[in-house]
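Taken in sequence, the protein lines are chains L and E. All residue numbers for the first sequence refer to this note's numbering, where the first residue is -17 and numbers rise by one. All residue numbers for the second sequence refer to this note's numbering, where the first residue is -12 and numbers rise by one.
It cannot be assumed that every hint is accurate.
[Stated by the list, open to error] Stretch by stretch, here's where chain E covers chain L in the computed footprint (C-beta under 8 Å, at least three residues):
no.	region
1	60 to 72
2	102 to 115
3	120 to 133
4	136 to 142
[To be verified] Selected chain E positions facing chain L (Cβ under 10 Å, derived; list incomplete):
no.	residue
5	Trp(-9)
6	Leu30
7	Ala67
8	Ala102
9	Val106
[To be verified] According to the in silico footprint, chain L covers these stretches of chain E (three or more CB under 8 Å from chain L):
no.	region
10	39 to 51
11	85 to 93
What the hints contain is simulated information worked out from the structure, not anything from laboratory work. From the three backbone atoms N, C-alpha and C, an ideal C-beta is built for every residue, glycine too.
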Amino acid sequence: MSEPQPPPDDRRKQPELPEHDHHDAPQQPSGDRPEQRELPEDNHHDAPQQPSGDRPEQREFPEDNHHSAPQQPSGAQLERTYLSWRRTLVSFTVMALLLARLAAVHLEPTMPAAWALAAVALGWAAAVWLTLRRIRDLTTPIGRTLPSLVALILVYCVMGTLLLMS
Amino acid sequence: MSMWSVVRLWFDPDEVRSVGSTPDYRFSLANERTFLAWLRTALALIGGGLAIAQFLPEKRLRIVIAVPLLALGALVAMRAVDHWARSERAMRLGEALPRSRFPAILALAVTLGAAALLVATLL
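The shape of chain E in the complex, shown without the other chains (with noise of 0.2 Å):
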């Protein structure tokens, strides 16, 4: 697919129903919830970011933590439209669940964002 597709996949609910036959309804909550999920994870990075960005004394320090975790937020969210689409999509093709590694990418980013600031913090 190409990508403008892909974001047409994501704004037109038709687009998403043309293919294939409709799931359990189950299965299609389920995705949904998952949908939600991320949704919480894209929203609690961005609310520490916010929250840094305003009890953080120093200036310099704030933008540098605080710009990263807004936008690593806005991906998450992104990201997570993206893959609700195309499970959407695989669920009613009967196809296999799209693979990802945004979580363990996501994970690694987190966690070597965390160790720097330890580091920054002990210095």
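The shape of chain L in the complex, shown without the other chains (with noise of 0.2 Å):
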């Protein structure tokens, strides 16, 4: 029972020096490195030694990310960073809300009651837009994203002032 099985993955996992790998493994880790980024599932003995050598793929094909998490510390960067701006448009949504209301019940129906809210749906629209466009070009530089999303807060907070001294 225990015999059959070995020999295919012998034979996958040391196609050329089925003996002398043993001895063989240690001298020569840099003839073994280009095979085993075509063999991932090989990388238990070397993962450590080469954790530089699979930066650069990962910076190239993003998505590929989950696959190889487990062996690369890298960790899920992307995936943490999507779901760190999900929870932040979350939080976003909940501050516009509470606003929404202050400026409907502190204004009661009346014409600057609209402005304010529509105000406050244009700001929220605003912040939606920028956390979209920056998880779909999560892997280029950032520009002016986050200073804008400050900008958007700040505005929330003076008309959060405004309407509480008023």
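Using the hints, put the two standalone chains together into the complex.
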């Protein structure tokens, strides 16, 4: 039972050096590397030795992140950042809703209330647009997204303070 | 750096990228996530302020609590983008990351505020 199983494994892992592998492996690590890139299943032995060799590949193919995540120190960076943006958007939405309620209750159903609600909705739409755009282009430099988001939050703060004081 | 160049650093991505070399993308993404975590802290403070502004019965107390919370949230948000830009710059130049007393100051402010509220409620 146990003997028929190893041969297929051995054949796949050691295609050229079936017998001398144990002795030769430490002596020619550089020769093994290109092969291992093509066969990520064989990575267990050398994984800690070549974290930098895999990095450029990830940069070019960020979608492959999930598959190779357990073997690489980079982890699911893009996924974590993506989720972080989503969480922030949820927080932003809660704040926008609270501000909209404040405007609606405080100003009663008048023309200024409609303007205030429109401004809140516009700010929220801008935040959604910024977030979605950033999530889409997560691998590119960030540009002005962050200060724009902060500016939106500051506008909301000023609006809230003015509503409270009025 | 003068204050004006710091402000320019916030809003001009080319200014940030003009120095040093591009760091490992994982560090940039980690910096971005730290910024987003600070932003959520700011949003939580502002959201708390807005909630107090609507659900606390007494008007004077409403303003006394809500306005400082809104101001604190705005401060945290601005400081978040400042810290992000400084960290990005430091990583590009290979320098040590900027040290900051802000987390400690924020913790102290929140603690003092909570203690003051507690005392006000009990009295």
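Consistency of the hints with the structure:
Coverage of the region 60 to 72 of chain L by chain E holds. Counting CB-CB distances below 8 Å, 7 residues qualify, and the rule asks for three or more. Here the region 102 to 115 of chain L counts 0 residues with a CB under 8 Å from a CB of chain E, which misses the bar of 3, and the coverage is violated. Here the region 120 to 133 of chain L counts 10 residues with a CB under 8 Å from a CB of chain E, which clears the bar of 3, and the coverage holds. By the rule of at least three residues with a Cβ nearer than 8 Å to a Cβ of chain E, the coverage given for the region 136 to 142 of chain L holds, with 4 such residues.
Given the 10 Å rule on beta carbons, the hint for Trp(-9)/E is violated: about 15 Å separates it from the nearest Cβ of chain L. Because the smallest distance between the Cβ of Leu30/E and any Cβ of chain L comes to about 4 Å, under 10 Å, the interface hint for this residue holds. The closest approach between the C-beta of Ala67/E and any C-beta of chain L is roughly 7 Å, which is under the 10 Å cut-off, so the hint is satisfied. Hint status for Ala102/E: violated, given a least beta-carbon distance of 24 Å to chain L, over 10 Å.
The closest approach between the C-beta of Val106/E and any C-beta of chain L is roughly 23 Å, which is over the 10 Å cut-off, so the hint fails. Given a C-beta distance limit of less than 8 Å, the hint that chain L covers the region 39 to 51 of chain E holds, as 4 residues qualify and 3 suffice. Counting residues of the region 85 to 93 of chain E whose CB lies closer than 8 Å to any CB of chain L gives 0, which falls below the minimum of 3, so the coverage claim is violated.
Of the numbered hints stated above, those contradicted by the structure are hints 2, 5, 8, 9 and 11, listed in ascending order.
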